[in-house]
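The listed protein sequences correspond, in order, to chains C, H, R and P. Residues in the first sequence are numbered consecutively from 0, following numbering that gives the first Met the number 0. Residues in the second sequence are numbered consecutively from 0, following numbering that gives the first Met the number 0. Residues in the third sequence are numbered consecutively from 0, following numbering that gives the first Met the number 0. Residues in the fourth sequence are numbered consecutively from 0, following numbering that gives the first Met the number 0.
Hints listed in this document are in silico derivations from the structure and should not be mistaken for laboratory results. Don't take each hint at face value.
[As the list claims (entries may be wrong)] Label-pair restraints from in silico Cβ distances:
#, chain 1, residue 1, chain 2, residue 2, range
1, C, E470, R, D188, 24 to 32 Å
2, R, D188, C, D3, 50 to 58 Å
3, P, R427, R, E39, 57 to 65 Å
4, R, R24, H, Q30, 34 to 42 Å
5, R, R291, C, P381, 20 to 28 Å
6, H, A311, C, D3, 54 to 62 Å
[Said to hold, decoys possible] One-sided excerpt, in silico: chain R residues whose CB lies under 7 Å from chain C:
#, residue
7, R24
8, D30
9, E39
10, E108
11, V168
12, V169
13, S179
14, L183
15, H216
16, I280
17, H303
18, I357
19, L362
20, D389
21, D390
22, S428
For each residue, glycine too, the CB sits at the ideal point set by N, CA and C.
Chain residues, written in single-letter form:
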Amino acid sequence: MQRDAARTIFERSVEGRRAAVVPECDVPDTQLSKLIPQNLLRQKPAELPEVSEPEIVRHYNRISRRNFDLDTGPYPLGSCTMKHNPRLNEKVAALPGHARLHPAQDPKRAQGALELMWNLERSLSELTGLPHVSLQPSAGSHGELAGLLLTRAYHEDRGQERSRVLTPDTAHGTNPATVTMAGYEVVKVATNPDGGVDIDDLRAKADESVACLMLTNPNTLGIFDRNIREMAKIVHDVGGTLYYDGANMNAVMGWSRPGDMGFDIVHLNLHKSFSQPHGGGGPGAGPIAVSDRIAPFLPVPRIVRHESENGAGPSFDLEHSAEKSIGRMRGFQGNFGVFVRSYAYIRSLGGDGLKEASETAVLNANYLLAKLAKGRAGKHLPLAFGERCMHEFVLTGDPARRELKVKTLDIAKRLLDYGFHPPTIYFPLLVDEALMFEPTETETRESLDELADAIDSILAEAEEDPAILTEAPYTTPVRRLDEATASRNPVVRQPL
Amino acid sequence: MQRDAARTIFERSVEGRRAAVVPECDVPDTQLSKLIPQNLLRQKPAELPEVSEPEIVRHYNRISRRNFDLDTGPYPLGSCTMKHNPRLNEKVAALPGHARLHPAQDPKRAQGALELMWNLERSLSELTGLPHVSLQPSAGSHGELAGLLLTRAYHEDRGQERSRVLTPDTAHGTNPATVTMAGYEVVKVATNPDGGVDIDDLRAKADESVACLMLTNPNTLGIFDRNIREMAKIVHDVGGTLYYDGANMNAVMGWSRPGDMGFDIVHLNLHKSFSQPHGGGGPGAGPIAVSDRIAPFLPVPRIVRHESENGAGPSFDLEHSAEKSIGRMRGFQGNFGVFVRSYAYIRSLGGDGLKEASETAVLNANYLLAKLAKGRAGKHLPLAFGERCMHEFVLTGDPARRELKVKTLDIAKRLLDYGFHPPTIYFPLLVDEALMFEPTETETRESLDELADAIDSILAEAEEDPAILTEAPYTTPVRRLDEATASRNPVVRQPL
Amino acid sequence: MLAEIGAESAEELFDQIPAEVRLDRDLELPDGMSEQDVFEHLRSLAARNADADSEVCFLGAGMYDHYVPALVDAILSRSEFLTPYTPYQPEVSQGGLQAMFEFQTCMSELTALPVSNASMYEGPSSVASAAYLALGAKKGRRKLVVSRGLHPHSRETLGTYASGYDAEVVEIGLEGGLTSADELAAALDGDTAAVFVQNPNFLGGVEDLAALASAAHEAGAMAIASVDPMTLGVLKPPGECGIDVAVGEGQPLGGRLDYGGPSFGFFCATEEHIRRMPGRIAGETTDVDGRRGFVLALQTREQHIRREKATHNICTSQALIALGGVLHLVWLGKRGLVELGELMVRRAAYAREALAAIDGVELLHEAPIAREFAVRLDAPVQEVLDRCADDGIAAGYPLGRDYAEYENGLLVAITERRTRADIDRLARSLEAAVAGAGKSRDTAEARS
Amino acid sequence: MLAEIGAESAEELFDQIPAEVRLDRDLELPDGMSEQDVFEHLRSLAARNADADSEVCFLGAGMYDHYVPALVDAILSRSEFLTPYTPYQPEVSQGGLQAMFEFQTCMSELTALPVSNASMYEGPSSVASAAYLALGAKKGRRKLVVSRGLHPHSRETLGTYASGYDAEVVEIGLEGGLTSADELAAALDGDTAAVFVQNPNFLGGVEDLAALASAAHEAGAMAIASVDPMTLGVLKPPGECGIDVAVGEGQPLGGRLDYGGPSFGFFCATEEHIRRMPGRIAGETTDVDGRRGFVLALQTREQHIRREKATHNICTSQALIALGGVLHLVWLGKRGLVELGELMVRRAAYAREALAAIDGVELLHEAPIAREFAVRLDAPVQEVLDRCADDGIAAGYPLGRDYAEYENGLLVAITERRTRADIDRLARSLEAAVAGAGKSRDTAEARS
Ligand SMILES: Cc1ncc(COP(=O)(O)O)c(C=O)c1O
Ligand SMILES: Cc1ncc(COP(=O)(O)O)c(C=O)c1O
């Protein structure tokens, strides 16, 4: 990767340079202040950089190579489902009929887009086992917020004031954050020795003040909670809803469905299970699927399908209002470009292919787990809970820290030198020095072997000399960065 | 850049893996030997690799980063005109109306393509000052061959047998190689102390056996031969033609035209002067422009324009035969995708813009030359000929070799460590230890300064310890390679 | 691999799922297809959409048909930007982090506010998120005063979110195409946490942000503006008008139309709110060797650290599309953004005049405009739009669904892609359509 | 910068050009345009071409409408492959050199010949270049015997080049759609340097390469075949038939149609010709540290070293497009290439039968075919094609211009993109067109 000193595009600016040529003015060249009062006009231009096209292309090409990416090497970032992004999806998303379709186009003239969205909704419905879908939310946490606002609307519609939402202590940070944003109070549920929800604790906390239980299953330990049906009953019995954080859907596609587990509301991350590239932090999409009782509250606009009267095939429309709807979660119809990619993905794999993807994801995770267990990791980085895993697993670096004097962070940083992206670290919180591995189905056996070997070598280094790890990385564009100062005295833009 | 051990895609093959799914057979599944006699069928499949799409993408992404490219940094490769490749050109070339147009499409239904080619022909005609253009040749050397076959046809048409072609000793290797392929004998003309053609030597060698003089102007020393009109007269007087190798057109666009200098035939390199990306060794295109007397012999097919009778605008067609034509130089109509890019480039810049491009190219070259002259290069790497230059210049590393014990090769290799692509080296042949710099107009002053500084630092290193250079490079994906063995015992494919 | 695991079959691994919740049938989804067949299927769906390449598009309403330079796609399609996750390992994410830092600088420059985050989902949810910040900053105050000039999607989204915030949303009307100062004054009180306006507003009118902001401040409320970034080359930036938080829809900057997404939202604020900001923020720092680098700064605001106490729940946002915005802005450069803004203002003025001259078309308001404007048709708007569509023109956005008071209102948007010739063509088409639709209505009326 | 140079103005630098050859006026070229305007201009030109997305395309004749997987463009558009020059500095060109090495391995596997170069311009000039090799290898022999089944463009190009080679080209005819063994035997003599055939030949017929090669060898001549690489999953490879040099058009492998170029040519040969090969050849080697790497091997064959003694004049070739070929082949993989070949053979058989069943359509020959076949129409072919075009079908390549003997002949090409439904549609359209054209001719004849 590029190792030269960082330099921003602003630092390349030279007065008078330019890339764009703006089209010539073909209408009267009226003085601007004659058209807009002077006091509403900008006086000093924004200090955008002045650079030529060659410099722009070179600059961003160069800095791009300061990134590790999925096409560089294995990226077993747990909970993130770093599966390969088929290039076909980029191609179909770029078709002018998709990429150049204005969101306010008359639905009559956007039938292909609406049909695609309809088909995607139906596919997600089948995958989740829940009949109604809204594609609108923009990402997982947006889906969560939609889900809790749906829960709120549902309870209010039944005249109930409920104030608390249960989440296990293994929950992803977005879950409790969403609970607060939706105006609820978080109540944590403990984890049992098997890595599942502590049923007794759940039972104790489940009362009529509970609006919802938010759950990931398999959970963030990669463990499928076998008590799910019982848990659902407990929560339903007190009148609460069950929310399924679908971030781990990649473990169970075609094998098990949240609707069948008893969940009322599910979000899916199209940027995880359904191959939308992560883009260095988005875009994604977090469609939600819900049960019948939640359906009346779904956001608008909704896609509706009308059967033709004359046998000409169905037509599609947008319904902009619905009596009980919580309303909009965002502008226009959602992240359509993401829908195109995920729809292409689903059609490429088909039902069988999706099931096989989950099978391979689980197989790969268990293989990597077994490989690691047989090496030094078996001793220094044991599995935190259970024996097998679903699509991901969490090791604890606690023995390594105690015995080898290296932290999980050190192992992660050293992995960078070996050309791998580290697993997710320090999450879930209840595992000390956690390392969360999710290889996904698109890694080969060979790359898993290489990863296991790398970890083994790193632990051998640690046995030899922990400093090799604690001072790593050495070969990256920059080495360990001072995050504390960056937060204490934040410099969040270029001074110009 | 990636520094791990090279591994080919064949070495990633695992039996049974695959990327492509071939569409299902929707016609009778007849046994193949019923359709084609068994003895004409393949028995053992070709050993193509068996790999998945993620592996393919990752493999080629990774090896791509083992390349230095124009978007990585300055690439002052003399004679190659490494100018920026505007991304617009890639976009318009990819439009389905271009990229998906079958070459045998009926001209009636390819009017846009023919008009584009016509417009490009007209533009190149104006730029060269020669009235007739054929876009057909696929690259510079293909244009040269076309040019010499035109010369042959021209002389034969006049009943003349001529056997020799004159080229200066500064000529690019393709010139003499082409002469031989065209069935002529090469006669070298000497270079005078100013870096131009030795007029007396030319006069001495110019006789009725001479079919043609091939020339580059400015020549490969970056020097504009001021005697060009006189030379033209000498050759024309003995009945020969003048061929202009247009590789250096970037020096003179809008400033001087080969037709006006007296040339009969010109090739242009669209992949040099007209921004077609070089692709690591092609594709390119080498259109030729010719004078009236050569025109009858131009290759077919030719584009013809018909004025409409009813005022509906012109129409275009392909003319597939012409009495005196030398015939085809290749399949179909030429490298149309290259034409699209270069046409977009010409329309983007316009006449003024092209002239300005040459101006800046010459300015940049002279600036770099001046900068270098003021530093250590002034002493160790002096300019081989003259004082100023056109769009490129040639230094001689002879003093450096004698005084510092470093060769031009060593300097070039050390430049790699500094993040620059070296200049062209050891060409032209008549300059000892030549370094040929062509910065082009798309480099900024800053990058020229950095390049000059790098060369200065490298010479300082050489003054200190020549081994720093003679053992360079150190930071590249591989270090100096054993080329001798590769040619003595060539391994030109993967053993499988 | 199974041997290594010690399993008989891959299915065995799914014994972890109790039988009662295992799906005991195949998914009812179509079979997988070859790449070629998927491509053809998607291509045939796409062909049933009338896109802005196949029509002359005057649609706007927050998303605009700008010319996106070719380099944007070329760079965004690089694996190195396309495929990484959020930069959790900064040592190998310097490209993405630097892009965020540059994005923040661009947006900060555009809005003239010192702090920007690294992106939000899109415009309307950024407005709703700004309300969350305001309610946190103005503890105790629960009222949000919203101009009817704010995009209907923003108002609706804010309404949706507000049910979770337990806040009250009060709408104030427009007067002559601009937010009514009187209604604003009447609505403001000691319970008001923030005032929300948009510039240009949904009807295209250029608001006096400074006046609105000072009214809000007088009542102790925050002033929050949603702004169109592509107009900020010419319009006074919110930071110079006393606006506390500026948010907006980023699509005009390098974004595809994409039937509405993915685009990006932006979120800029004054220094005092830096620790209340939602989402990722890149910050500059140094590594152990003193080399310059970038990290995710101020993570203690965020959900993964602060969980239920986080300033927002956002996690994945729109990094890639935001980089597209940077690329477009950098391509335009300091002068280009101004020139583009000026061109739009002039063309919009030309178009407004051309349309107003048509029989049966009148201006909905006469407030100054920057790129979009509203007219009222003397004919049923849907029929007029259908007729223009037959001419290959998407004439604009009908206002009636969002604004009952503007039943036959039409919002017409201008970009640098809509030439004078296009505008003239629109005028001709609209003239004929209004006349035709009027006539057919007359006939219908006469008949009934 | 001028100060550094010591010049007054940039124009001064052009004083190097004597006044008499300086252009003293502006270029008569249109003014420069903004990116957006250039895009619109090119888009409007492109819109006037009927491309294979807008028609069902049965055109072939050497270039075929195959499905190119999306990853090809994604990888070829990477700057790292798109923008470097020929790899003159191997230490920083390992990506491109390895791609060449992989290309050579692919082509060598496909053709079953041990040596491949790194690409030629395209098919026909590769044929002409093979002749140059043969004339060098068979010193003293000046005759080139060429089957009429060789692509007309190849024959014409060979003819053009041959004037420089001072060689004599003798053509031999077809019999039942295949190269006439009798005519070949008659043409071969001690002056024959090489025999040129094509497989499948231009009319689609699958030749018995082994028989042709052994006839050539008996006369002491080389056997050179131009082959369609996409058929080599099913057809016996030239290397197994005794062919000495196999060349061909690479477009079917990952290439765009591009109105004919840029594509790539390939050039494979037996070991004995390795030092006579034209063009770049990558070779494996090691660096000073013993690390594996790749270089341009055998450069002493080439023009930049050997100048007038070079084996060929080629310099820039088609590296990028050849990489596209590798990508397509690697994507197909060992089994995919076979499956694709089988699918084409079966669909071609189906199509041939379907068309032969039409009244007024008969087979031009009954030789075995792999993907393309020729029919004869009982109606003026141009009129039939025009009628099919009205149905949105490019029905095929009319043979008359290249083969006067097949005046109303039509060459129909099949790929994996032409489904059975497409073929049925072609059959219906062709049936109507032949009937219609026949009728209009009858009417015209009756009238005259
Ligand atoms: C378990 C879990 N839940 C929720 C989320 C939030 O999803 P998003 O980032 O799409 O908002 C994530 C993503 O990291 C996750 O891993
Ligand atoms: C002076 C000169 N002539 C001719 C050529 C040959 O051009 P091409 O590589 O396009 O065949 C070159 C290219 O390197 C050159 O520099």
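Falls inside 54 to 62 Å, the C-beta gap from A311(H) to D3(C)? holds, 59 Å
Is the interface hint satisfied for L362(R)? The criterion is a beta-carbon contact with chain C at less than 7 Å. Since chain C brings no Cβ nearer than about 14 Å to L362(R), farther than 7 Å, the hint is violated.
Any CB of chain C closer than 7 Å to the CB of I280(R)? Where the cut-off is 7 Å and the nearest Cβ of chain C is about 5 Å from I280(R), the hint holds.
Per the hint of 34 to 42 Å, is the separation of the Cβ atoms of R24(R) and Q30(H) within bounds? Once the Cβ atoms are compared, 37 Å apart, the range 34 to 42 Å for Q30(H) and R24(R) holds.
Hint check, H303(R) versus chain C [nearest Cβ-Cβ separation less than 7 Å]: holds, 4 Å
Within 24 to 32 Å or not, the Cβ separation of E470(C) and D188(R)? violated, 59 Å
Should the interface hint for D390(R) be scored as holding, given a Cβ-Cβ cut-off of 7 Å against chain C? violated, 13 Å
Hey, does the R24(R) contact hint survive, CB to chain C under 7 Å? violated, 10 Å
Is it true that D188(R) and D3(C) lie within 50 to 58 Å of each other by Cβ? Distance hint for D188(R), D3(C) holds at roughly 57 Å.
Restraint check, 7 Å cut-off on beta carbons, for D30(R) near chain C: Hint holds; D30(R) Cβ to chain C Cβ min 4 Å, cut 7 Å.
Restraint outcome when V168(R) is required to lie within 7 Å of chain C by C-beta distance: violated, 11 Å
Go through the hint on S179(R) and say holds or violated, using the shortest Cβ distance to chain C against 7 Å. violated, 17 Å
Comparing the model with each earlier hint shows violations of hints 1, 3, 5, 7, 9, 11, 12, 13, 14, 15, 18, 19, 20, 21 and 22; every other hint is respected.
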